[in-house]
Amino acid sequence: MMNFELHKRKILTFILLLAFVWSLLPVDWDKGLLHAGGLAMAGQIFEAALHPDFSPDMIMLALESAWITLAYATAGMSLALVLAFFLGLLASGILAPGNKSRRWLKRIFRGVLSFMRAIHELVWALIFVASFGLTPYAAIFALAIPYGGMLGRIFAEMLEDVPAEPIQALKMTGASAWQCIFYGYLPIVRAGIISYSMYRFECSVRSSAIMSFIGLGGLGYQIQLSLDDLAYSQMWTFLFFLILLVVIIDGWSTLLRRRLGS
Amino acid sequence: MAQETMIELNRISKHYGRKIALSSLSFVINKGEHVAVIGPSGAGKTSMLNILASMLPADDGEILVDGKPLDSYCDRKSRAQKIGMVRQQFDLVPQLAVIHNVLAGRLSDWSLWKSVLSLLIPQDKGRAIEALDRVGLSDKVFERTSSLSGGEQQRVALARLLVQDPEIILADEPVASLDPARAEDILKMLTRIAAEENQTLVASLHSVDYALKYFSRVIALKDGKLFFDRPVSEVSDTLLAELYSLEGNSQK
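The listed protein sequences derive, respectively, from chains A and B. Numbering-wise (the working numbering), the first sequence opens with residue 8 and increments by one. Numbering-wise (the working numbering), the second sequence opens with residue 1112 and increments by one.
Any given hint could turn out to be false.
[Stated by the list, open to error] Derived lysine-lysine pairs resembling DSS-like cross-links, with alpha carbons at most 27 Å apart:
no., chain 1, residue 1, chain 2, residue 2
1, B, K1188, A, K107
2, B, K1236, B, K1299
3, B, K1193, B, K1299
4, B, K1130, A, K107
5, B, K1142, B, K1299
6, B, K1225, B, K1251
Keep in mind the hints are simulated off the structure, nothing from the lab.
Kindly generate the complete structure, drawing on both the sequences and the hints.
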């Protein structure tokens, strides 16, 4: 029986390989596979990285755009953290009094969290722009919802992984469920939560930049404008500012983690 | 001192699937007694203590604590005043400062608001410091608990117990992960505190030597049954040899 299974798998591999080779046949290798001037264009773009446009006007514009991107990311993350705290707490099931209610609580709030992060922030942004127009709130909500979903899920898992002994000991001293949260669960997961949130904050800066491609202002918007103008050296100014933002946040999170001693 | 009954176990049984942890266990412990529970691994010591702590429901039988059924201490406050527990390390929250772990002993008395406030500005600080002083840790009040050694952490657990001030102390292998010198230190402290506070102490121990040295009465469990229950002076080497012999184990 086992042998036959193994055999079947080999036949499947063979069929898939054949299908791949067959799919190559209709490809016209002679023309149009790659844009003829593509390499030259790519060369131009990367060459522009060596002399980005650092004129005072550009710097001011880049600073302003970076500020907008950072502001959206920070506001979005703050909201996401609040959402994640409450939803994660509920999804971890630690507040449930019995086994049955715990299972239901977990199922429901895990579902809510999956729904939030199943939809990409860009799609949320399109939905909110369609409903509220091009306001900063669209960007902030679009970030907060999927990020709240991701953070909430990780938060719930960290809470579930908290060792049982200290919590049981707290219960023996007569602590209530909420007292257990403040004296047991939260101190134990604090360092992990902070370092994961910092990592997500870094991601949210990138997301916030990308989201502005749809016209919400910020670094992404400027990058798109420069690309449209074929002004590659300007584009690199904005890209360097984006990289700088991410590097600064990374440095900050390293500092924080070291201070927390985790 | 009048012999007041503190704990009464009546035919307590506990099974895990087909494995019998405790079978029809009965005994009486008087107020202020210091009882060591010994027996080979898997004899049911921890199950018995967890049932007494109402962390584990018994399958059968009844338990009276201070004359009332154990279930009647269902609200967290009255139970915390009656029964406290120390176990091996891992019982503390390593990320908190020592003082907060000690003050956790006050949580049953505190509102949520007061307990959260205490994490910022320690409440009842004097009481915590006095307790830490009694266990010899008055210089570590604000240190992170994880930076303390195993023996020191166990002393913090004792300080928490002092602040909680229950009438009964249950100790499950309180010195299992400590070296002999630290272990004796903790046991000396635990029994001294229990004597000073007039508390009833029930401790499970791996080591017979400690049981004989620091306790007045020994309850021996084997295969979930009472093997013997007698004052320390009447425990003989032959009895102990029989208790720990490997034979009886195979007949489960």
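Hint check:
1. B:K1188 - A:K107: Distance ~25 Å between K1188 (chain B) and K107 (chain A) Cα, so the pair holds.
2. B:K1236 - B:K1299: Status holds; Cα separation ~26 Å.
3. B:K1193 - B:K1299: Distance of about 22 Å is within 27 Å: holds.
4. B:K1130 - A:K107: holds (26 Å)
5. B:K1142 - B:K1299: holds (20 Å)
6. B:K1225 - B:K1251: Distance of about 23 Å is within 27 Å: holds.
Of the numbered hints given earlier, the model fails none.
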